[in-house]
Each structure stands twice: as C-alpha cells, then as structure tokens.
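**Student:** The listed protein sequences derive, respectively, from chains A and B. Going by the UniProt record's numbering, the first residue of the first sequence is number 1, and it counts up by one from there. Going by the UniProt record's numbering, the first residue of the second sequence is number 1, and it counts up by one from there.
Take the hints with a grain of salt, since some may be wrong.
Claimed, not checked - Computed list of lysine-lysine pairs in DSSO-like fashion (alpha-carbon distance at most 27 Å, straight line):
hint	chain 1	residue 1	chain 2	residue 2
1	B	Lys154	A	Lys42
2	B	Lys141	A	Lys41
3	A	Lys136	A	Lys104
4	A	Lys42	A	Lys136
5	A	Lys90	B	Lys154
6	A	Lys128	B	Lys210
7	A	Lys41	B	Lys124
8	A	Lys125	B	Lys161
Claimed, not checked - Footprint (simulated), chain B over chain A, 3 or more residues, beta carbon under 8 Å:
hint	stretch
9	109-122
10	131-138
Calculated from the structure, these hints are not laboratory results. A virtual CB, placed ideally from N, CA and C, is assigned to each residue, including glycine.
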Amino acid sequence: MGQTARPGPTARPKYGKVRTIGSAIAASLLPMALRGVWQLKKLIVSYCDWGGSSRGIRAFMESELPTFKEKNPQLEVVTELIRGQHPHLKGFYKNKNERVVCVKNMTPEDILLYATRLRNALGRKVVKLKTRHVTKHPSVQGTWTTDVKF
Amino acid sequence: MAHRRCLLSLARHATAIISQKKMPPLSAVEVLTRKPNPAITIPNSELSWFSFWSHSRHFSSSKSEDSETEVEVEMEEASDVEAENDNAASDLGRDYSPEEKETEAVAIGYKVLGPLQRSDRVFKDYEPVFAVVQIGSHQFKVSNGDSIFTERLKFCEVNDKLILNKVLLLGSPTQTIIGRPILPDAAVHAVVEEHALDAKVIIFKKKRRKNYRRTKGHRQELTKLRITDIQGIEKQEIKTDGKPLKAAVKNPEKIAAAV
C-alpha cells in the first residue's frame, strides 16, 4: 500500500478555475476546498533533546520522519528544538487554522498516527456535524409539497 | 444398519478432522481413483481417514436415496465453507497483504478503489442529476458536487478516486430509474476529501443513589467524500449560459430496471 506522489503545488493552477467557483459559494457554507489540493501546509515537530517525554518523538524523528517527508512532498516539515518543554506537533492549514497535538510519552508509531491524522484532515474547526450530507442543490425534480401530483 | 451407522459417524469425525487440517480435496479424489471399492472393514482398525471419506463419497456418487448420506454430504460442504469463512474473517482484522483481499473487502463496503488523481478535471459544474447510493449500511441521496460524511473507509487514502457501485436509484428532471435493488450499470464517482475524527461526545452513565458514575469520551472516525460524477442516466445538455435547466417541465417517467 505504498503512497505515490501527491499533486504538488504545480497542480494547483489547474484546479484554480474550479476552486474559485467553489470558494465563492463556499463562503456562505462550511469551508470546503481540498479539491485535489492538500490542506496542511506546514508541520512543526517540536522536541526536547534532554527530557524523557521526548524519547518517542526523538525516535520518531530518526526512524519514521524521513519516510513521512518523502510520502508528502507537498508538506513542509520543520523540526524545532524547545528545551525543557514537552514535545508537540503543530499543523498549519490553508485556512490559517492551527492544530496542536501534544505527543509527550508517546511511541513513534502513535506519533506517526497523529501526524498522519493531521495530514489527512482539513483545517476546519472540530464541531459536531449537523448533517452528514452537505449539498448546495437539495432538489433535482422539485421539492415535494402536498400539492404535487405524480 | 448399525454397521453403516458406525461408518457414517466415523466418516463425520473424519470430515471434521479434514476440515480442521484443511486437506486439499485433490488428494481425496486421488484416493478415490485408487480405491474405487473400499472394503467395508471394521472401523476399529486405524486406517487412513481417506478411505472413510472416499467411502462416504462413494455413497454420494452412487446417488443413493438415503437421507442420512445426503445430509452428511451437505454437512461436509457446510463445514468446509465455514472453515474458509472463519479464516477469511480472522484475516480481515490483520494486514491485507494480497491486494485481492483489499478489493474484496472494499466490495463489501460497495466501493471500488480507482487510481489516484493525476491532474484530472474531475470537478465539474452542477448537473441536475441525483442518485441514491449505499455505502456500508447508510444510504445517501447525492448529486454532483455534494459532500458525504461516511464511516471511516479503509483501503483508501486522501485524494483517492472511488466508484460507488451500489446505486439504488437514479433521477433527473425528466427521468427516474429505479433499481431492484441495485442498478448494475450505474456508477457514482467520488473523491476522498479527508479522513478525520468527529467531535468528542461524552458518554455519561449514572445510576442515582447508587454511587455509580462513568464518563467515557468517543470520537468517531469519519471520511468525507465529494461526489464528482453520476453515470447511468441521460443528462440534459446544459446551455452555455452556465445556468442549469430548471425543472419546469416535469414529466417523470418511472422505469424499473430488473436486476
């Protein structure tokens, strides 16, 4: 199940025309997009080189971070050293949303799972869903009323 | 009669052993060719169980109208099928190394994994066509450009193209095609937008005056699909104004497609 290269920044202009149409209507609705465009722009991996809570993330940076970077060439991954603090992952999305996940005392596999989750998600605010079906045109054959005769 | 009953019970044990050890049927067939007329020996001797199995097969091949043998043959087949199903069920929870298993499991969820997007013009303008599609156990009435939140779909990554092949109904302003229960030629194309977690719901249990209180948090894993195309129905040609045709002329002709 190897992931191949994603459409990078060069692919964006091709969807640009459709995307502007979507964004004009989407302004009134939930923030949409990801029409073939990745929403996570930057991922900051913050760790401490002394603390014990950073052991997992230090192992993650050695073992799994390079493969994660290769699988996501569109993503800008930055490692940051913060001494004396717990480690965390910060994700920056296209809609200027930031998501911070504290990864203290986690195994490298769990950290990879959280990093993948950040990459898979849109940057929208995590709220309870009103409906599972979001549409702009609810009716094709006309909305039913009591006067409609078949 | 008691003699035959003993053989049948031992043959049943033999079939149970065979199904556990997953003996290939070919060897039994070879044994059958080698020993066409197995002697009805006393079952106390520890012969190979092939002879007993072939003996029971001999009964079935001779097409005796004995209800016991027929039931026993069905039990053999049922036990073999159950063994295979159990193996398949245990494998589904683990890594799906063969890709065929992935496609099979994907078919259970009524979607076919297409290739990843490579600069395709998949996102079209709205077309006045809708379809009722089933994913897992949930059904949605979708149209071009809608978003659907379903349970987490395994075997597909973000930015994957899917084909939802369980389509129950297709509709347009002039035509409706009803499937019985599904339409075989219809296809709904979708793109995976995100795999995300829902907001946390807190499951709170309390029994009053009994000193019992439990709090549990739960986040459901969801997949957001964006519907891009619906195929299987005639679409009206949209004029170059860019505005979709309004359903002013409503002549719904219902066509039932027998499956």
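**Student:** So, against the hints stated earlier in the document, which numbers end up violated here?
**Tutor:** 2, 3, 4, 6
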